[in-house]
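The whole structure should be built from the sequences, with the hints applied where relevant.
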Amino acid sequence: FYIVVTPVEQVRLLDRFSNKSIHGTLYLTATHLIFVESNSNNSASAGQEVWILHHHIASVEKLSLTTSGCPLVIQCRNFRVVNFVIQRERDCHDVYSSLLRLLRPVCYDELYAFSYNPKQNDQQREEGWQLIDLGAEFERMGVPCDQWQLTDVNRDYKVCETYPRDLYVPVTASKPIIVGSSKFRSKGRFPVLTYFYQEKKAAVCRCSQPLSGFSARCLEDESMLQAISKANHNSRFLYVMDTRPKLNALANRAAGKGYENEDNYSNIRFQFVGIENIHVMRSSLQKLLEVTGTRSLSMSDYLVGLESSGWLRHIKAVVDAAVFLTRAVTVEGASVLVHCSDGWDRTAQVCALGALLMDPYYRTIKGFMVLIEKDWISFGHKFADRCDQLDGDPKEVSPIFTQFLECVWQLTEQFPQAFEFSEWFLLQIHEHVHSCQYGNFLGNNQRQREELQLRERTHSLWAFLMSEKQNHLNPFYSPAYSEAHPVLEPSTLPYHFKFWRSMYHQFDRSMHPRQSILKTILTLKENSRKAESTLQALESVSTLLHIVIFLSFKLEPSRHVPTPSFWEHPSTTKKCSVTRKRMSRRRWARKPLRAQIQSGQ
Amino acid sequence: MSAEIMEFAELIKTPRVDGVVLHRPFMPTVEGTLCLTGHHLILSSRQDNTEELWLLHSNIDSIEKRFVGSLGHITVKCKDLRMIQLEITGMEECLNIASSIEALSTLDSVSLMYPFFYRPMFEVIEDGWNSFLPQNAFKDLESMTDEWRLSEVNKDFSLCPSYPPLVAVPKDVDDETLKKVATFRHGGRFPVLSYYHKKNGMVMMRAGQPLTGTNGRRCKEDEKLINATLRPGKRGYIIDTRAINVAQQAKARGGGFELEANYPQWRRIHKAIERYNVLQESLIKLVEACNDQSHSMDRWLSKLEASNWQTNVKEILTTACLAAQCIDREGASVLVHGTEGTDSTLQVTSLAQIILDPGCRTIKGFQSLVEREWLQAGHPFQQRCAQSAFSNSKPRYEAPVFLLFLDCVWQILRQFPCSFEFNESFLVLLFEHAYASQFGTFLGNSAAERARLCLPEKTVSLWSWVNRPQELERLTNPLYEPNSLVIWPSVAPQSLLLWEGVFLRWNRSSKCLDEAYEEMVHIIEYNKELQTKVNSLRRQLAQLETEDPLLHTP
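Chains U and A supply the protein sequences, listed in that same order. Here the working numbering runs 1291 ahead of the position in the first sequence, where the first position is 1. Here the working numbering runs 487 ahead of the position in the second sequence, where the first position is 1.
Keep in mind the hints are simulated off the structure, nothing from the lab. All C-beta atoms in this analysis are idealised placements derived from N, C-alpha and C, irrespective of residue type, glycine included. Please note that a few of the clues may not be correct.
Pairs of lysine-lysine, BS3-like flavour, derived with a Cα cap of 27 Å [as the list claims (entries may be wrong)]:
id: 1; chain 1: A; residue 1: Lys998; chain 2: U; residue 2: Lys1816
id: 2; chain 1: A; residue 1: Lys711; chain 2: A; residue 2: Lys667
id: 3; chain 1: A; residue 1: Lys667; chain 2: U; residue 2: Lys1821
id: 4; chain 1: A; residue 1: Lys1015; chain 2: U; residue 2: Lys1760
id: 5; chain 1: U; residue 1: Lys1578; chain 2: U; residue 2: Lys1474
DEER-style ranges, computed between Cβ atoms [unchecked claim]:
id: 6; chain 1: A; residue 1: Phe554; chain 2: U; residue 2: Lys1578; range: 28 to 36 Å
id: 7; chain 1: U; residue 1: Gln1577; chain 2: A; residue 2: Trp541; range: 49 to 57 Å
id: 8; chain 1: A; residue 1: Met514; chain 2: U; residue 2: Ile1808; range: 26 to 34 Å
id: 9; chain 1: U; residue 1: Ile1808; chain 2: A; residue 2: Gly818; range: 53 to 61 Å
id: 10; chain 1: U; residue 1: Glu1452; chain 2: A; residue 2: Asp1001; range: 29 to 37 Å
id: 11; chain 1: U; residue 1: Ser1591; chain 2: A; residue 2: Pro969; range: 35 to 43 Å
id: 12; chain 1: U; residue 1: Gln1761; chain 2: A; residue 2: Glu960; range: 47 to 55 Å
id: 13; chain 1: U; residue 1: Gln1421; chain 2: A; residue 2: Gln957; range: 52 to 60 Å
id: 14; chain 1: U; residue 1: Pro1409; chain 2: A; residue 2: Val1008; range: 35 to 43 Å
id: 15; chain 1: A; residue 1: Ile731; chain 2: U; residue 2: Ile1808; range: 35 to 43 Å
Examples of chain U residues lying across from chain A (beta carbon under 8 Å, computed) [to be verified]:
id: 16; residue: Ile1343
id: 17; residue: Glu1780
id: 18; residue: Phe1788
id: 19; residue: Met1794
id: 20; residue: His1796
id: 21; residue: Met1802
id: 22; residue: Leu1826
id: 23; residue: Leu1829
And the structure:
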């Protein structure tokens, strides 16, 4: 169903870091830009193909004409950078202007998800969407319970349109308290439960900043926090974590926003944790990519660039905050209320990462999907804006979710046995957050997703990833490890944070180890699995053979018995046909055996 | 011998102290009795043998002492970069212990070193001193080519004190010529064969710098010698491990480099590999950065950068790749030298062999490489490894040249985790033993010194210990699949990592990583076990079928 717009011949694809290049043809379809290497005369193998989804393209740049042609540089959101040299400037211009039109969709209907068809029927698609059930997830945590209940206050998105319909609040929080509190919170995002640590009955709640300005207060909001605090009998106080740097929070006060005044709220402990805002993160990643994209980069420039980009400092800040949250909940048994400004970026990072540290379930493949569905998708992380799904405000774009995935990767490096998934899983999720191929991440919040009828019109990524589960497994995963260490306590000393080469250079093959331990061990595990079933089959055939021989011996005991003592040749054809029938029933086992024996000899 | 033991006794002011508390990284605190012997610092709780500490004095790089009231704290900083703390009650006892440790850990005389006193508690299956004799290595070469011969010109070490008695030289060059060439090369280090590339017959040679001096002295015999290694019409490459300005400056001190006019068949390339105290400084700064307990990311990265360690790793690897490229891709022979030809030269020649020769990636092959390209080739281990990163004294000849080589090998191992027969532990082990050891292998600065010290007779070889089944098992890489190809590592900064197994070994718990490694070993072994079972069952069944004519009837 791809519409070929322009096959452009005689295009060179340059390697970004070496002087190598390959020749080929460029195709432009409705969804992809495709480069196909021309079959070089000496190689029998098919030429290399590069498929780039239009949604993945972040920018296209046409450089000035050179002697060898017109260079076209394409930067992708999955960190692929391709340099084409198109022989004729006219062709280059055509490709360039077509791409500009194609990669700036203005409405959701233009997104790939609405045309993507993986040959599934409606029932299969529906089942895919039912894979993750957040109601069941809260039940798993032990909610509702005597202290926490499901509220229908947001059933129609009346109180907060960026929250999901189903929200969990303390049983003592009445509707007037909720509504009052929501009016005192930025975008109406009042405090709600996101994770319940059953062992200590401690809650992780999230919200946006209070509209406190310099002196405003709100009794309902104060009651709300009081109710959260009181719902936990193990602790006399509630932590309020403002994930912003103090300076930013102070500045917000001038705009009538700000942070909780400890004098107005009884029994809260207020804490800033200093994660920077979306604009700082955006330019930090930009700087990082500039540095790592440099050709013939020196070690010194690399390390200086890594430092001055601040990227790893920001990653560490997020992990530090999650560690703080985890300790407060699991060690002190205190409930924690987490917020930032609007409560959908830093708050999502910290809540999700904290839960991942506290609960081994989130470190499984299914659990990680649930975690993303809960803290990111349902609570309204603005994927559409942050990932630039539609032609929007560039100032809204920011790699907040990428940072979260990286934080998880940094943890997998410290705890190689604690996660069911490998980094390939994280890379796949990252790929599809930007691909707009599945409906899960489209739009900015649940309400918008319902309006777009994503469940009816698109497919779910989770179902696809589940079907490919084998590819995403971490071969070193040990459920026993998680049983022994349900709560992870990572070290956040600086040297534990490394540059994530597999993410930011995932398409620069020359930078990676030429042999992958992960791949090797996965293959071995797969081989072992096959060997196990072969062994089983062989054993049953062997048993069967022994029975056959044993029986025939019984029938003709006069014959000489070779070693082992009961083995003998059957000679009664009648009896044999019976046993052969029995054997043919087990042909599944016998067939491979024959083949194996022959090939083995 | 008894006189020497007397000497130790004089140095030990207090042989034992009770109630000493020991703190070690990632191990429980132990209280027990501290004993000082001639070669060891021992702390025993007398309850459980596993809690004993046996530390070689020669492993101690420096100590620091401080007092809180009458409680003395001694921080012992080891050459393997470990730091341990001792708490000793009583000022006098603490001072005595501290000064004894200081004296015992800085003994100058080689013959007082522990290897001369150590008696192995294990059965020597194969004497490591005889494992890698040059004659045997040459036999392999003879099977591939007849263009080289073993010369005994240096048999009494008179021509070149840092060379072994036997060296491989071009067949057509006689000993008289070698003698002349030796006078033209730094330290008498005339060009000798380092590696023969079987695939295309190209060679790598190494030497000391030519002594051209300011007036451009030349030596026809030198030119003849190295030209003898070239195929007709082929050019060779001279890789000078010094930057061009450094090489220029060397002229003033009588050194220099090969001038194009005199060596028209050779193309000279200069690379800038750091040497001596610059490297030692680099190590000191790196270790300091790793021990910085501040939580600042910026500080860590800027200190890591300022240490220049990773830059050194990259530069050495890049140069080794260049040498390997000249040989394998360009089909040209290579001569490598720096100034003396005992440090950066050896880093380059040995790493190039790791890249080119699959044989060097086996356990035995790597031992042989260390023996040929480092020990026999005259890397002054005694001088270079006298002090490590914690030393307070001004470095004289100390430099982590060998450690950098091991780091580079580790980088290649990381990039080709299935192509090496040994694992990281083997590299760490070599690092430890190069700096402090019960074995004689790394004692002395050259083959001549080792002969003089009678090391093969008086000490045990490290290889004797390593090449026993139980040790080999620990050092074997379970992922190893022999790979006969040339392996080209990436030298992009993003591809090179900090060697945590050495530099962060005592700063971060390796428990999780060790357990994951165990799991990996388990997966691999389980797979092997299954395959064996499947194969034997198949054989049994095949036998059964042949024995049973009925099963053959269709």
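Verification of the hints:
Distance check on the hinted pair: Lys998/A and Lys1816/U sit about 23 Å apart at the alpha-carbon level, within 27 Å; holds. With a C-alpha separation of about 11 Å, the suggested pairing of Lys711/A with Lys667/A holds against the 27 Å cut-off. With a C-alpha separation of about 67 Å, the suggested pairing of Lys667/A with Lys1821/U is violated against the 27 Å cut-off. Proposed proximity of Lys1015/A and Lys1760/U is supported: the alpha carbons are some 25 Å apart, at most 27 Å.
Restraint check for Lys1578/U and Lys1474/U: not satisfied, since their Cα atoms lie roughly 39 Å apart, outside the 27 Å limit. Taking 28 to 36 Å as the suggested C-beta distance range, the pair Phe554/A and Lys1578/U does not conform, at roughly 49 Å. For the hinted restraint 49 to 57 Å between Gln1577/U and Trp541/A, the CB-CB distance of approximately 54 Å keeps it satisfied. Take Met514/A and Ile1808/U: their Cβ atoms lie about 28 Å apart, and the range 26 to 34 Å holds.
Checking the proposed 53 to 61 Å range against Ile1808/U and Gly818/A shows it is violated: the Cβ atoms sit about 34 Å from each other. Here the CB-CB span from Glu1452/U to Asp1001/A is close to 51 Å, at odds with the stated 29 to 37 Å. Distance hint check: the CB atoms of Ser1591/U and Pro969/A are about 37 Å apart, consistent with the given range 35 to 43 Å. At about 32 Å, the CB distance of Gln1761/U to Glu960/A disagrees with the hint of 47 to 55 Å.
At roughly 56 Å, the beta carbons of Gln1421/U and Gln957/A sit within the given window of 52 to 60 Å. In this structure the supplied range 35 to 43 Å holds for Pro1409/U paired with Val1008/A, their Cβ-Cβ distance being about 40 Å. About 41 Å separates the C-beta atoms of Ile731/A and Ile1808/U, a value consistent with the hinted range of 35 to 43 Å. Interface restraint check for Ile1343/U: the shortest CB-CB distance to chain A comes to about 22 Å, outside 8 Å, so the restraint is violated.
A distance limit of 8 Å between C-beta atoms decides the matter here; for Glu1780/U the minimum to chain A is near 11 Å, and the interface restraint is violated. For Phe1788/U, the interface hint holds, since its Cβ comes within 8 Å of a Cβ in chain A; the closest pair sits about 7 Å apart. Checking Met1794/U against chain A by beta carbon gives a least distance of about 11 Å; that is not within 8 Å, so the hint is violated. Hint status for His1796/U relative to chain A: holds, with the closest Cβ pair at about 6 Å, below 8 Å.
Look at Met1802/U: its Cβ gets to within about 5 Å of chain A, closer than 8 Å, so that hint holds up. The beta carbon of Leu1826/U comes within 5 Å of a beta carbon in chain A, closer than 8 Å, and the hint placing it at the interface holds. At its closest, the beta carbon of Leu1829/U sits 5 Å from a beta carbon of chain A; the interface hint therefore holds under the 8 Å criterion.
Comparing the model with each numbered hint stated earlier shows that hints 3, 5, 6, 9, 10, 12, 16, 17 and 19 do not hold.
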